[in-house]
Amino acid sequence: MLELRLVQGSLLKKVMEAIKDLVTDANFDCSATGFSLQAMDSSHVALVSLLLRSEGFEHYRCDRNLSMGMNLNNISKMLKCAGNDDIITLKADDGSDTVTFMFESPTQDKIADFEMKLMDIESEHLGIPEAEYHAIVRMPSSEFARICKDLSSIGDTVVISVTKEGVKFSTRGDIGTANVVCRQNTTVDKPEEATIIEMNEPVSLTFALRYMNSFTKASPLSSTVTISLSSELPVVVEYKIAEMGYIRFYLAPKIEEDEEDNNS
Amino acid sequence: MLELRLVQGSLLKKVMEAIKDLVTDANFDCSATGFSLQAMDSSHVALVSLLLRSEGFEHYRCDRNLSMGMNLNNISKMLKCAGNDDIITLKADDGSDTVTFMFESPTQDKIADFEMKLMDIESEHLGIPEAEYHAIVRMPSSEFARICKDLSSIGDTVVISVTKEGVKFSTRGDIGTANVVCRQNTTVDKPEEATIIEMNEPVSLTFALRYMNSFTKASPLSSTVTISLSSELPVVVEYKIAEMGYIRFYLAPKIEEDEEDNNS
Amino acid sequence: MLELRLVQGSLLKKVMEAIKDLVTDANFDCSATGFSLQAMDSSHVALVSLLLRSEGFEHYRCDRNLSMGMNLNNISKMLKCAGNDDIITLKADDGSDTVTFMFESPTQDKIADFEMKLMDIESEHLGIPEAEYHAIVRMPSSEFARICKDLSSIGDTVVISVTKEGVKFSTRGDIGTANVVCRQNTTVDKPEEATIIEMNEPVSLTFALRYMNSFTKASPLSSTVTISLSSELPVVVEYKIAEMGYIRFYLAPKIEEDEEDNNS
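Which chain is which? The protein sequence lines are A, B and C, in order.
Here full-length UniProt numbering is used: the first residue of the first sequence is 1, the next is one more, and so on.
Here full-length UniProt numbering is used: the first residue of the second sequence is 1, the next is one more, and so on.
Here full-length UniProt numbering is used: the first residue of the third sequence is 1, the next is one more, and so on.
Hints were generated in silico from the structure; no laboratory data involved.
One or more of the hints may lead you astray.
The list treats identical chains as interchangeable, and a pair is accepted whether it falls inside one copy or across any two copies.
[Claimed, not checked] Computed list of lysine-lysine pairs in DSS-like fashion (alpha-carbon distance at most 27 Å, straight line):
id : residue 1 : residue 2
1  : K117      : K164
2  : K20       : K190
3  : K149      : K117
4  : K20       : K254
5  : K164      : K20
6  : K117      : K240
7  : K254      : K190
8  : K91       : K190
9  : K168      : K117
10 : K149      : K91
11 : K168      : K80
12 : K217      : K80
13 : K14       : K149
14 : K20       : K149
15 : K254      : K14
16 : K117      : K190
17 : K91       : K254
18 : K91       : K168
19 : K164      : K14
20 : K240      : K217
21 : K149      : K80
Let the sequences and hints guide you as you build the complete structure.
Structure representation (structure tokens):
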């Protein structure tokens with residue numbers, strides 16, 4: 001039997017909003033250690049990895065490992081029915097082909113439950129090896145989201161270049177070229193407003209802006225984002241989920257910087 | 001001659017927003033006692049009944065009974081031109097085929113008038129008999145609106161079931177089933193947040209969510225809504241208009257609970 | 001060499017938003033006295049004239065007169081990437097066919113630059129003679145914008161009539177007629193809320209509402225608007241730009257008041 005009770009139910013809403021544009025159907029894996037998901041986007045270019053550790057739940061019971069296939073749009077529809085202050089409980093009986101979401105209002109005067117059929121989804125779990133990164137940038141998630149959005153009005157790809165002084169985001173399009181430089185800046189009033197560069201060697205990589213913009217849908221989950229870069233490794237864009245886990249997005253760099261993105 | 005002066009002009013804007021999706025053209029009836037409307041929706045399934053008593057107007061003059069046919073979208077367009085604090089006056093001369101809406105800003109510095117042609121609309125006034133209801137639910141109008149909206153993302157019809165403990169709203173659709181229970185709750189800080197059940201016998205009735213959602217457009221008029229239910233009588237969804245009257249919506253229950261709604 | 005530094009960068013954003021619906025491509029003229037633009041709208045009915053005097057810039061260097069052809073939608077796209085508190089600098093080298101916009105965040109932690117190709121645009125500079133106007137109306141810009149928007153839901157043209165008592169805006173459409181009267185009103189708490197009429201003789205002129213609505217896009221630039229009217233002269237709708245200059249829109253009156261506007 002599975003029963004997961006999350007007091008801060010709005011967190012689950014934000015998690016689904018963060019990944020539903022990228023992933024249509026996915027298996028959610030429950031084990032004694034936590035609730036997780038790993039999925040490729042529909043064009044098999046980007047990878048999402050989610051972890052919510054069991055300690056983060058008010059109540060966490062998972063008698064045996066369970067993989068529950070669900071359509072993310074349907075989950076999102078159901079979660080839209082939850083109030084922002086609602087407590088959310090996920091329940092599944094052993095061997096059942098359904099899962100139940102229960103929403104309790106803080107005063108307990110309103111209780112909603114939604115039963116959803118589970119799906120069979122084929123998927124293989126990829127091992128993601130630990131890697132050394134040439135450069136790790138930590139910056140405000142809202143700033144990163146703003147830059148990706150701004151640059152997409154000019155071009156289709158972004159070149160991310162890291163030096164000791166800062167990180168540069170560049171693009172090029174029909175109407176001209178654009179560069180945005182964020183300087184390393186650790187002496188801010190609020191730690192979450194800092195831009196911090198950890199660098200072993202300079203790096204400059206090109207990515208499709210379309211995916212970067214999808215990743216920034218996770219911004220409501222965390223005030224900071226960490227971008228880990230290495231030549232010829234996928235970039236990791238990570239949003240920490242307070243005291244519970246993370247969402248990580250992986251995206252391979254474009255090999256030829258000048259290549260046109262015809263998918264946009 | 002007709003001259004109705006309403007200090008709280010925004011009320012008239014809210015009334016039109018509440019009914020214009022349901023009713024296209026309708027006769028507004030003026031008599032010494034008040035300003036009223038009774039109309040079926042275009043598919044002749046739901047009935048709207050509006051009453052604004054003469055006492056609620058700052059000035060109310062209606063020399064003889066008058067039935068004025070108007071297009072509600074046109075009235076709504078005109079009322080959009082009124083500021084929220086404007087005083088609205090409705091004027092019609094005896095025998096005239098036009099009606100004039102006048103809007104005065106609170107400082108009297110801006111005065112607008114709109115003259116609109118009246119229409120000939122055939123309609124018959126239905127007598128609505130007083131009825132005994134098995135159950136009457138009073139609840140916050142915003143809560144009711146939220147539930148109807150939430151359930152429509154899952155299914156097309158709602159089953160409303162009342163017991164002494166509370167009222168349950170249920171639906172079923174392709175992606176699963178949903179139940180929302182609001183418990184009777186009279187010990188709240190603000191009386192308008194209470195959920196109060198008056199029940200003679202349990203009742204469970206099925207309605208098209210599309211209509212329920214239309215009715216909830218009246219929510220800005222009142223912080224509470226009253227839902228009166230009886231087997232095989234139309235449900236009455238009533239929004240009181242402070243010190244002036246009400247909007248009541250009538251909708252027949254669906255006979256077969258499992259019937260699919262193909263109109264959505 | 002050209003280098004213009006504007007501390008209040010949001011002003012440039014507002015200027016572009018004010019004219020980009022009316023004008024697609026235009027030459028921006030830089031001289032020692034200031035930064036200016038004069039352009040007809042694409043249907044050659046309305047004229048825009050912009051002036052930002054050199055004194056209003058924190059730094060203003062213009063070695064020789066320069067006319068820079070740009071697409072306003074492209075400028076607008078670039079300016080959307082500037083934060084509202086950013087300092088904006090415009091740079092062009094002598095003989096270069098590009099212009100650079102630079103945005104600095106107030107803390108200097110984020111610096112963006114956008115390079116854009118200049119275009120060759122044919123245009124002739126019209127001399128606009130000083131004229132005597134029969135009536136000049138100064139009123140809150142938000143009020144004027146609201147009236148133009150409201151009347152366009154009823155009709156296509158507006159008759160502006162000025163008397164000593166006030167200014168009347170009238171329209172007529174399929175659903176009826178509308179008149180909005182703003183009374184002269186100089187005894188308000190805030191001077192920008194006044195409606196002030198300077199009148200030599202009464203005047204009544206008809207204009208296409210479509211253009212008036214375009215002009216009101218400049219409302220964020222100034223809390224007041226000045227409307228100067230004379231029979232058989234184009235109306236001037238002027239928004240002052242604090243301590244820097246103005247945007248002026250010119251529009252010829254419609255000769256026959258009853259003429260239908262088929263362009264809407």
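Going through the hints against the structure:
Taking the shortest alpha-carbon separations for K117 and K164, neither the intra-copy value of 51 Å nor the inter-copy value of 31 Å comes in at or below 27 Å. In this assembly of identical chains, K20 and K190 lie within 27 Å of each other by CA distance neither inside one copy nor across copies; the values are 31 Å within and 39 Å between. For a Cα distance limit of 27 Å, the shortest separation of K149 from K117 across copies, 22 Å, qualifies, whereas the shortest one inside one copy, 36 Å, does not. For the homomeric pair K20 and K254, the shortest alpha-carbon distance inside one copy (24 Å) is at most 27 Å, but the shortest distance between copies (35 Å) is not.
Within a single copy, K164 and K20 get their C-alpha atoms no closer than 35 Å, and across copies no closer than 40 Å, so neither meets the 27 Å cut-off. In this assembly of identical chains, the alpha carbons of K117 and K240 never lie at most 27 Å apart, being 30 Å within a copy and 41 Å across copies at closest. In the homo-oligomer, the alpha carbons of K254 and K190 never lie at most 27 Å apart, since the shortest distance is 35 Å inside one protomer and 58 Å across protomers. Proximity of K91 and K190 under a CA criterion of 27 Å is satisfied in neither setting, with 39 Å inside one chain copy and 34 Å between copies.
In the homo-oligomer, the alpha carbons of K168 and K117 lie at most 27 Å apart only across protomers (22 Å), although the nearest pairing inside one protomer, at 46 Å, exceeds that limit. For the identical chains of this complex, K149 and K91 are inter-copy neighbours only, at 24 Å across copies versus 38 Å inside a copy, given an alpha-carbon limit of 27 Å. For a Cα distance limit of 27 Å, the shortest separation of K168 from K80 across copies, 19 Å, qualifies, whereas the shortest one inside one copy, 37 Å, does not. When the C-alpha separation of K217 and K80 is checked against a cutoff of 27 Å, the pair qualifies both within a copy, at 16 Å, and between copies, at 20 Å.
Both within a single protomer and between protomers do K14 and K149 lie at most 27 Å apart by alpha-carbon distance, with minima of 19 Å and 20 Å respectively. In the homo-oligomer, the alpha carbons of K20 and K149 lie at most 27 Å apart both inside one protomer (18 Å) and across protomers (21 Å), since each shortest distance falls under that limit. Within a single copy, K254 and K14 get their C-alpha atoms no closer than 29 Å, and across copies no closer than 37 Å, so neither meets the 27 Å cut-off. For a Cα distance limit of 27 Å, the shortest separation of K117 from K190 qualifies neither inside one copy, at 45 Å, nor across copies, at 40 Å.
In this assembly of identical chains, the alpha carbons of K91 and K254 never lie at most 27 Å apart, being 42 Å within a copy and 32 Å across copies at closest. In this assembly of identical chains, K91 and K168 lie within 27 Å of each other by CA distance solely across copies; the values are 20 Å between and 46 Å within a copy. In the homo-oligomer, the alpha carbons of K164 and K14 never lie at most 27 Å apart, since the shortest distance is 33 Å inside one protomer and 36 Å across protomers. In this homomeric assembly, K240 and K217 come within 27 Å of each other (Cα to Cα) only inside a single copy, at 13 Å, whereas the closest approach across copies is 40 Å.
Within a single copy, K149 and K80 get their C-alpha atoms as close as 25 Å, and across copies as close as 10 Å, so both meet the 27 Å cut-off.
In this structure, the hints that do not hold are numbers 1, 2, 5, 6, 7, 8, 15, 16, 17, 19, in rising order.
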